[in-house]
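S.K.: Sequence:
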Amino acid sequence: MGMSVTISVATEQDAEQIFRLQYLCFQGEAALYGNYRIAPLVQTLDSVRQELASDCVYVARLGEEVVGSVRGTVTEDGAASIGRLCVHPRLQGHGIGARLLRAAESALAGERGATKFRLFTGHRSEGNLRLYRRVGYRTVGTSEGSDGVQMIVLEKPADEFATTA
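Quick note: the sequence shown, position 26, residue 26 per this note's numbering, numbers continuous.
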């Protein structure tokens, strides 16, 4: 193919591709928990469009195709909540997820003043947990998602971004 994957800020025109990619990518998570009502699978296209307008959203592109995405927003306590990280199944395991995460962290700290990064993943999602721990996240607690899935809460200080980028 000869093309390389690029990371860039998502545009309004990416909404439909992000929506479809998210639906594809989170099927495995749904199967892992036997729950096809997890938040990424029931999110609407309009909701994705709203997030594009207000949140920090990055995509990975292979040519014109969106093959990965991540979103983040800074909460009242100065933490950047990062979520919906996904990479097309055919491209997983090539560092794209880590590149997307670094792009979001950089923007959230540099442009939006985040003091720490926070993310959540299901307690059975070993691949996700390995990635997050490899790039410096530490478990700080658990919570139950609105869909009933037990979630692991992970954080890292924003000043550690430079050491893991």
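Derived by calculation from the structure, the hints in this document are not laboratory data.
Be aware that a few hints might be false.
Stated by the list, open to error - Derived CB-CB ranges, DEER-like:
# : residue 1 : residue 2 : range
1 : Val9      : Gln43     : 28 to 36 Å
2 : Gly63     : Val140    : 33 to 41 Å
3 : Gly110    : Thr6      : 37 to 45 Å
4 : Gln43     : Thr11     : 33 to 41 Å
5 : Ser54     : Thr6      : 17 to 25 Å
6 : Val140    : Ala39     : 29 to 37 Å
Using N, Cα and C, we set each Cβ at its ideal position, and we do this for glycine too.
S.K.: All the hints need checking, so say for each whether the structure fits it.
M.R.: Checked hints:
| no. | hint | in the structure |
| --- | --- | --- |
| 1 | Val9 to Gln43: 28 to 36 Å | violated (20 Å) |
| 2 | Gly63 to Val140: 33 to 41 Å | holds (39 Å) |
| 3 | Gly110 to Thr6: 37 to 45 Å | violated (19 Å) |
| 4 | Gln43 to Thr11: 33 to 41 Å | violated (19 Å) |
| 5 | Ser54 to Thr6: 17 to 25 Å | holds (24 Å) |
| 6 | Val140 to Ala39: 29 to 37 Å | violated (20 Å) |
Hint compliance for this structure: hints 1, 3, 4, 6 are not met, and every other hint is.
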